[in-house]
Amino acid sequence: MRWELSFEQQEFHEAFTGWLDHVADSPSVREWATHGGAPFEARLAEDGWLAAGLAEAAGGAGGGLVELALASEAMGSHGAPSAAWLSTMAVLPAVAGRPEVIEGLVERGEFVVWVGASDRIPGGGRALPLVDGTVTGEVRLVLGGSRAARFVVPVATGGGVGLALVEAADVQRGERSLLDQTREACDVRFDGAPAQVLDVDAEAILTQVARRAAVLVSADSLGAAARMLDLAVEYSKQRQQFGVPIGSFQAVKHAAATILVGVEAARSIIYPAAAAVDEGHEMAEPWACAAKAQVTKSGVAAADSALTMHGAIGYTWEHDLHLYYKRAKLDARLFGAPSAWNERLASQLELTPQS
Amino acid sequence: MELTDSPDEAAFRSKLRTWLVDTLPLLPWPEPVTLEGKKPFWQQWQRLLFDAGYAGINWPREYGGQGANEIIRAIYTEELDRAGAPERLNTIGEDFAGPTISQFGTSAQKERFLEKILRGEEIWCQLFSEPEAGSDLASLRTKATKVEGGFRINGQKIWTSRAHIADHAILLARTGGGERHRGITYFLVPMDAPGITVRPLEHMLGEAEFNEVFLDDVFIPDEMVVGEVDGGWSVAMGTLAFERVAIATGRVNTKRAVDEIVADVRSMTDDDGQPLGRHEGVRQQVADLYGRALIHQLIGQRVISLAATDGPPGPVTSIGKLYFCPLVEDLADFRLSLEPLGGQTGLDDPGQVAGRWLRLAYQARGTAIAGGSTFIQRNIVAERMLGMPRS
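Order-wise, the sequence lines are chains A and B. Quick note, the first sequence lines up with residues 1 to 355 if you use my numbering. Quick note, the second sequence lines up with residues 1 to 391 if you use my numbering.
None of these hints come from the bench; they were simulated from the model. Glycine residues also receive a C-beta, built at the ideal position from the N, C-alpha and C atoms. Incorrect hints may appear among the rest.
[What the hints assert, rightly or not] If you want the ones that stay clear, here's a sample from chain B, every Cβ over 10 Å from chain A, calculated: (1) W19; (2) W29; (3) G134; (4) I158; (5) D230; (6) V286; (7) E383; (8) P389.
[Claimed, not checked] One-sided and incomplete, this derived list gives chain A residues near chain B with beta-carbon spacing under 7 Å: (9) E4; (10) V233; (11) A251; (12) A257; (13) A265; (14) A276; (15) H281; (16) A290; (17) N342; (18) L345; (19) Q348; (20) L351; (21) T352.
Just chain A, same shape as in the assembly (with noise of 0.2 Å):
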């Protein structure tokens, strides 16, 4: 295997983290996790952003998943709120024959957000009943649920689950408040809401969109940790303690190259699993579980070594340190737990004897 980003992806994440510099800064990140992020998200519709990692044919500017882990990585590491694009870009495959969909998310910046219980595995929750074409039910902490244009939902049909799209319109929606005030959520109800059943195969495609949103969210767990060691290596090199900076300590050299350890490692397991999981490569499932189990979790520690770097100037509101903090924790927990990931790879390597 060659690991090796092309010329393309390192052009487009070089354009696209630029953007972010410049439209991302920290002021603009605290005032949108105050009152919203949709000022941001109308931008990324905007400038054109939310055609990227969308194929040529279907309406989009071309790439793929390797290019959306980019971003995501790219958006971590600016503290953009991203909820609504994530889950968009987790359930793609689901409306990829729809062009009036695509093109209300590439055109006007509808997204389409899956439901589904936030803190599960994508296809791991309950299907809501599917009676005379309408849904009825509610699904607790939807991720980018107040930002959706439309839903896609997994229902229970007579033959199984099946997938369907339900306009926003149709639903009522709940707030609520996330510790991480850069992405957003809500409870999602409907009541007989009218639902469009999408002619896919619902267990392949959900089989995909738990892979994406497991190389989604560790991208942006790797981003929120690189912008965190940047932080405290800064800091270290300023702050003077003793007479001398603090970043000479060895004991701070080592929690800094742990952190860089658990940020390269990451980055290796994160774009081949992108690539891999869009080619249907036999290690896509393998990649992705270890990929969400490993990087999650070492962006959590990073999160917590980082802090200790920074000392007591790190546990302040006005510091942007927290910021990243929180959006490691969540990444840990969205869309399944480093032990849910665990689980669904020791189920893989059949642990137990065959029968």
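Starting from the structure of chain A, add chain B where the hints point.
Just chain B now, kept in the frame of chain A:
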């Protein structure tokens, strides 16, 4: 990301795989256990590799190598590993001394040494570390005094793996041209030279793996200096650069180790006769180790891909060892935890199936210290990669 072999790579892999299936049975298996016993076994194997054009896979063609890039070399290593080829006894010769001689050596040195490494005729060891110069290599004290036609070497080296079966050594000694790294010269030394005494050191498990080497008025002719007199440090840094890729990709195939653990767990039962693989804790630990082994494999692929483009080593090359060492410890410790008394019933206990895992567990602790301990590695990563101030 290219997840699959290119046509050339696939062709190389399949040809090599067929050759291994045909050739490995020619060896007088089983592979001996002791290093002394392994030497003739390995030499027979190395000769087969050489005759088939599989020796020195990434060495330049002009010195008898195959001139392949790091990706082909990685495929080569994968396939030998997969087929269960004999342990590589001459890593110092093939990976460090040989490439150093081909880059910095004189044509006479190349003529004299390179082909014999590829043919498996001469094993090499590395006389760098000293009792007072471990992590701080530049503080070494072994002295080389200029005499008619060469140098007289006096001093002591330590932690020298395979010195007792080696034919030649690469050696660093102080020639006095300056302080610390400025006064060091790089020599090639025959291990049977008068004045060299090799004394085996037993490691924690009571087995001889490395040695102390005493140099008492050893004469080395001028022709055996590599690079400039007093200019040995830059040659040594060249050697360590060759070592870096090897260290980052790891010396233990962690994926194979975890596959073995999975197979073992599948057939084991708990005290009640129930499948061990049903236990939540066991499932979590196995999956966690499996995920880490997958990441370790991909770190290796990333390092190799970087080396194949001749780009400068990036941060991922420096963190390889730091990711790898605790993983090997945890793999071995977990497997031992499934044995009675955690596998601590002694290496030769008749009921002991885990002697190999016990050796691996202890070896892993050694690896964390060898070639710059993980503590020193973290300092280096923090200073060179993150630009943190020196202590």
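Hint check:
1. W19: 22 Å, holds
2. W29: Non-interface label on W29 of chain B holds, nearest chain A Cβ at 30 Å vs cutoff 10 Å.
3. G134: 16 Å, holds
4. I158: At roughly 25 Å from the nearest Cβ of chain A, I158 of chain B sits farther out than 10 Å, so the non-interface label holds.
5. D230: Answer for D230 of chain B: holds, closest chain A Cβ roughly 31 Å.
6. V286: 6 Å, violated
7. E383: Non-interface label fails for E383 of chain B: nearest chain A Cβ at 7 Å, not farther than 10 Å.
8. P389: 4 Å, violated
9. E4: 6 Å, holds
10. V233: V233 of chain A check passes; min Cβ-Cβ to chain B is 5 Å, inside 7 Å.
11. A251: This hint is violated: A251 of chain A lies away from chain B, its Cβ roughly 10 Å from the closest one there, beyond 7 Å.
12. A257: 4 Å, holds
13. A265: 5 Å, holds
14. A276: 6 Å, holds
15. H281: Hint holds; H281 of chain A Cβ to chain B Cβ min 5 Å, cut 7 Å.
16. A290: 3 Å, holds
17. N342: 4 Å, holds
18. L345: Since the shortest Cβ distance to chain B is 4 Å, the answer is holds.
19. Q348: 9 Å, violated
20. L351: Hint on L351 of chain A: holds, closest Cβ of chain B at ~3 Å, below 7 Å.
21. T352: Holds: closest Cβ of chain B sits about 4 Å from T352 of chain A, inside 7 Å.
When the structure is compared with the earlier hints, violations turn up for hints 6, 7, 8, 11 and 19 and for no others.
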